[in-house]
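Model the placement of chain B on the given structure of chain A, informed by the hints.
From first to last, the protein sequence lines are chains A and B. Residue numbering for the first sequence follows the working numbering, beginning at 1 and increasing consecutively. Residue numbering for the second sequence follows the working numbering, beginning at 1 and increasing consecutively.
Read the hints as simulated data drawn from the structure, not as lab findings. In this text, a Cβ means the ideal position worked out from N, Cα and C, and glycines have one as well. Take the hints with a grain of salt, since some may be wrong.
[Said to hold, decoys possible] Below are the SDA-like pairs computed for lysine to any residue, each with C-alpha atoms no more than 25 Å apart in a straight line:
#	chain 1	residue 1	chain 2	residue 2
1	A	K36	B	V13
2	B	K98	A	H26
3	B	K42	A	S86
4	A	K41	B	V54
5	B	K58	A	Q95
6	B	K98	B	Q60
7	B	K42	A	E44
8	B	K22	A	A39
9	B	K42	A	P83
10	A	K53	A	S65
11	A	K38	B	K68
12	A	K36	B	N31
13	B	K22	B	K68
14	B	K42	A	K53
15	A	K36	B	K98
16	B	K98	A	H77
17	A	K41	B	V13
18	A	K36	B	E39
19	A	K53	A	H77
20	A	K38	B	Q45
21	B	K98	B	R61
[Unchecked claim] Label pairs and their calculated CB-CB ranges:
#	chain 1	residue 1	chain 2	residue 2	range
22	A	T103	B	A70	21 to 27 Å
23	A	E58	B	L46	43 to 49 Å
24	B	G16	A	T16	51 to 57 Å
25	B	G16	A	E52	48 to 54 Å
26	A	S55	B	A70	30 to 36 Å
27	B	V54	A	G96	18 to 24 Å
[To be verified] If you want a taste of the chain B side facing chain A, the calculated C-beta under 10 Å gives, among others:
#	residue
28	V4
29	P34
30	Q38
31	E79
32	S93
33	L99
34	G104
35	V108
As a plain string of letters, each chain reads:
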Amino acid sequence: DTEVTQTPKHLVMGMTNKKSLKCEQHMGHRAMYWYKQKAKKPPELMFVYSYEKLSINESVPSRFSPECPNSSLLNLHLHALQPEDSALYLCASSQGQGASGNTIYFGEGSWLTVV
Amino acid sequence: GENVEQHPSTLSVQEGDSAVIKCTYSDSASNYFPWYKQELGKRPQLIIDIRSNVGEKKDQRIAVTLNKTAKHFSLHITETQPEDSAVYFCAASDSWGKLQFGAGTQVVVTP
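Next up, chain A with everything else stripped away, as it sits in the complex (with noise of 0.2 Å):
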């Protein structure tokens, strides 16, 4: 079973609100990634959690906040987020750290609309 879960599938929420994603893998993975995807854009890494610590930190603003409270989950803490953020925010999970022959899979993304 290759599947990651992602919660809420779709997400509006004001310039002053504070929300959470969630991500969860129940594949053993010791891995899991945050990437965030603008329309007719790659995927963009923003963090990445190995072992549950945090390993790598793409320079992304405070107002996103990771969270990885055990193997199997990943969350991500939005607060006075900008309407710019509005995009598709992808979960992912891979055997260990670095995508060098390590598969990574990814959930159905969350879909985030600022307001």
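Structure of chain B alone, referenced to chain A:
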């Protein structure tokens, strides 16, 4: 860091014809090259990947070739079908182990 260039940006083919997408990368230490297919409103789905110790890999109508010397790799789809219509992304894993994507190719297969 790694830089991946992908061409063409759009590709229209007649059903039954072949489609070829080409990518080049900059980091000679990159050693993993996946291809993802993304249909409108859906997630990127891995369709095939190749590692640097292999020159070619085939899975039914899809094949990928890798030339490490020239630092380029290609996706070949034979006998295209309307359901092959999608955006295809190539990617390369850089020396930090991060996946860098190409800009994508919109493939349209017309019946």
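Problem set entry | Agreement of A:K38 and B:Q45 with the hint, judged by alpha carbon distance not exceeding 25 Å | holds, 17 Å
For this session: Would you check the hint for A:K36 and B:K98, treating anything up to 25 Å between C-alpha atoms as holding?
Result: At roughly 15 Å apart (the allowed maximum being 25 Å), B:K98 and A:K36 satisfy the hint.
Exercise. When the nearest CB of chain A is found for B:V4, is that gap smaller than 10 Å?
Worked result: Constraint on B:V4 satisfied, holds at 9 Å.
Problem set entry | Satisfaction of hint between A:A39 and B:K22, Cα-Cα up to 25 Å | holds, 22 Å
Problem set entry | Restraint status (C-alpha distance of B:K42 to A:E44 at most 25 Å) | Satisfied, since the Cα-Cα distance of roughly 16 Å is no more than 25 Å.
Problem set entry | Hinted contact B:Q38 with chain A - closest CB pair below 10 Å | holds, 9 Å
Exercise. At the C-beta level, are A:T103 and B:A70 separated by a distance inside 21 to 27 Å?
Worked result: Given range 21 to 27 Å: holds, Cβ gap about 25 Å.
Exercise. Holds or violated: B:K58 with A:Q95, Cα cutoff 25 Å?
Worked result: holds, 23 Å
Problem set entry | Restraint check, 10 Å cut-off on beta carbons, for B:P34 near chain A | At 7 Å from the nearest chain A Cβ, B:P34 passes the 10 Å test, so the hint holds.
For this session: Mind checking the alpha carbons of A:K53 and A:H77 for me, to see if they're no more than 25 Å apart?
Result: holds, 16 Å
For this session: With a cut-off of 25 Å on the C-alpha distance, tell me whether B:K98 and B:Q60 pass.
Result: violated, 28 Å
For this session: For the pair we were handed, A:K38 and B:K68, check the Cα-Cα distance against 25 Å.
Result: violated, 31 Å
The structure does not agree with the numbered hints 1, 4, 6, 11, 14, 21, 23, 31, 35 stated previously, though it agrees with the rest.
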